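So you can see what is in the structure, the chains are spelled out below.
There are 2 protein chains.
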Amino acid sequence: MTDPQFNRIALIGIGLIGSSIARDVKELGLANDVVISSRSAETLKRAEGLQLGTHYVSSAAEAVKDADLVIVSVPVGSSGAVAEQIAPNLKPGAILTDVGSTKASVIAQMAPFVPDGVHFIPGHPLAGTEKSGPDAGFAGLFRDRWCIFTPLPDTDAEALEKLKAFWIALGSRVDDMDPQHHDKVLAIVSHLPHIIAYNIVGTADDLETVTESEVIKYSASGFRDFTRLAASDPTMWRDICLHNKDAILEMLARFSEDLAYLQRAIRWGEGDKLFELFTRTRDVRRSIIQAGQDVDAPDFGRHALDPKK
Amino acid sequence: MTDPQFNRIALIGIGLIGSSIARDVKELGLANDVVISSRSAETLKRAEGLQLGTHYVSSAAEAVKDADLVIVSVPVGSSGAVAEQIAPNLKPGAILTDVGSTKASVIAQMAPFVPDGVHFIPGHPLAGTEKSGPDAGFAGLFRDRWCIFTPLPDTDAEALEKLKAFWIALGSRVDDMDPQHHDKVLAIVSHLPHIIAYNIVGTADDLETVTESEVIKYSASGFRDFTRLAASDPTMWRDICLHNKDAILEMLARFSEDLAYLQRAIRWGEGDKLFELFTRTRDVRRSIIQAGQDVDAPDFGRHALDPKK
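Line by line, the protein sequences are chains A and B. So in full-length UniProt numbering, spot 5 of the first sequence is number 5, and the numbers just go up one at a time. So in full-length UniProt numbering, spot 135 of the second sequence is number 135, and the numbers just go up one at a time.
Just so you know, the hints here were simulated from the structure itself, not pulled from any lab data. Just to be clear, a hint being listed does not mean it is correct.
[Said to hold, decoys possible] Partial pick of chain A residues on the chain B-facing surface, computed with a CB cut under 8 Å: (1) Y56; (2) F113; (3) P115; (4) K164; (5) G202; (6) R254.
Predicted model, so just to flag it, every value in this text is computed and none were measured. The beta carbon of each residue, even a glycine, is placed where N, CA and C say it ideally should be.
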C-alpha cells in the first residue's frame, strides 16, 4: 500500500482499460474515493458487482464533482461529448486525462471544453488485450508497458509530474511525445496491425473455394494469430480508424505499395528479393524480444498454456 | 511405449519438423532404427549431439537404404533434388512421404523419380513455431494438430493407413485432401498470413518518420504479434512463395481488394462499414477457440508467461 496520491479519482468509462486502472488503484491504495461512471447501466452494475470503486453514478457530469483526477476511458469518438458533459463540474486544479489511442483528435475534441484552471493532459497507456468490458480488466495490465503523454504547450509541469507518478505507480514506463508524432507512431505499431488483421480475417471469411470450417480447422498454421487482434472491440476500432485517418491512410499506402512489390516478386519468381525481406524481418523480432516487449517462448508460449498439451 | 510401427525410419532433413518427429518417435518407440540425414554437417552433428536418432549420415541416398518409412522434411524447393538422390536406394514396399507446405509442386517435383513399388504419399503436418533448426523441435509438436495427406490416384490404401497410424501415434488428427485444394486452403490459412506479416514488418522497418527504436519500444500495442510469423525460416518461406504461386497470388489479390475497400471506408468516414467488418471478424475468433485451435487466454496468455509479471 502506497499513500493515496489523490483524494478522489473519477473513472469515466469502465471497460478493459478503466477497470484495470480501478483494480490497480484499489490494490495499491492510490485514492480514497474512486467514482465510477458508465453510460451503460449494465456495465455500471457489473463494475459495482466487481467492487471496482467506492461510488457508482450513471452521469459522467456527477462523477467528476470534487475529483482530483479524472480519467476518461471511452472510445475516442465519444471524447468530445464526454468533455462537454463533465466540463461544468470539473474542480479547479483537477487533472483531466484520457487513455485514447489517437491524440490529435482527442485534443481537438476535448480541449475547447476544458475550463481554465483544470489541467488537461492527454495520455495513452499502450496496453490492452483483445477482450473488452469491466470483466476483462486486471491488476498489472500496465506493468512494464509504456504510457505516452502528449502535453499541450501550456501544460503545468507539476501536474504532469503528478500524473506521471500515478502511471509509474501502476507500473508503467512514461514518455512524452508530440500529438501528431504519437498518431504516426501508433498508426504503424497498433492501428495498421489491427486493420490488417481485421482485413485478412474478413477475406478468409468471404472465400467461396475454401469453407469457413476449413479456415477454422486449419487456423493454427498462421491465420489464428490475426484473429486475436481482429477480436478487439469494434466500437473502439471504428473510432480509431475515423479519428486517426491521415496517419492510417499514409501507413496503408506504404503497406500496399510494399505488398505490391512482394506480390510482383512472387509472380516473377524473384526468390532473392523474398529471401532478403524474410531475413531482415527476423532481426526486428529479435530486437523486440531483447527490448523485453515480447516473450521469447516459441508460438507465444501457447504450448505451455494449452490444457491439452 | 508402443510396439515399433516401422523397423527403420529415415529422416531427410532434421529442422524444426524433422527433429520433432525424431523426438516423438524416440519417446514413443515407434521404430527400431532412426537414420538421420542433413546436408548441413553442422546440423547433422547437432542432431547427433541431441541423440535424436540411431544413425547419422550426410548422404540422403545412404540414409534411405533399408528404410521402411522415409520422411522428407526439407524446404519445398529442394524436394525434387532430394527425390532424385534417394530414388535409386528406396526399398521396394517402403513408404515415402514429406511434410511440405505446398503439395502440387512437391508432387510434380518428386513423383517422377519415385520407383515402382515405393508408396509415395505426400503429407503436411500443420504444426510448427517461428523457430527453426534441430534445437527448435520438441516432442508433442503434432499433438491435436492436423496432418493432411494428398494421396495420388494410385496410392495403396494399406500404405496410406499405415502412414496415418504413424501420425495418429504422434497425436495428429488426419485428413485427406486433393493437392490443389490443399494448396488453396493453405494459401489462406498459412501462406497469406505469413506474407502479410513479413510485409508489415518490412514496412515498419523502412519508415523515415517513425524510428525503428520507436517501433520496437511500442510494439506491444499490436505490431509484435506479426513479428512472430515474420521470424519464420526465410528459406522455407521463400520456397513456399515460389511453389504455391497461383494460389498465393489469388489470395493476395482478394486481400488487396478488400483492403482497398476498407481504406476507402476510412477515407470517407464510413463508420458503419468498419463496424460491420470488425464485428463479423470477432465471431471467427470465437469459432477458432471453440474448435480448440487456439487458447482462450487474453493476449495468447502472454501475461501468464512473462517473467516480469
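Hint by hint, here is what the structure shows:
1. Y56: Where the cut-off is 8 Å and the nearest Cβ of chain B is about 25 Å from Y56(A), the hint is violated.
2. F113: It is violated, given that the least Cβ distance between F113(A) and chain B is near 22 Å, above 8 Å.
3. P115: violated (30 Å)
4. K164: violated (17 Å)
5. G202: holds (5 Å)
6. R254: holds (5 Å)
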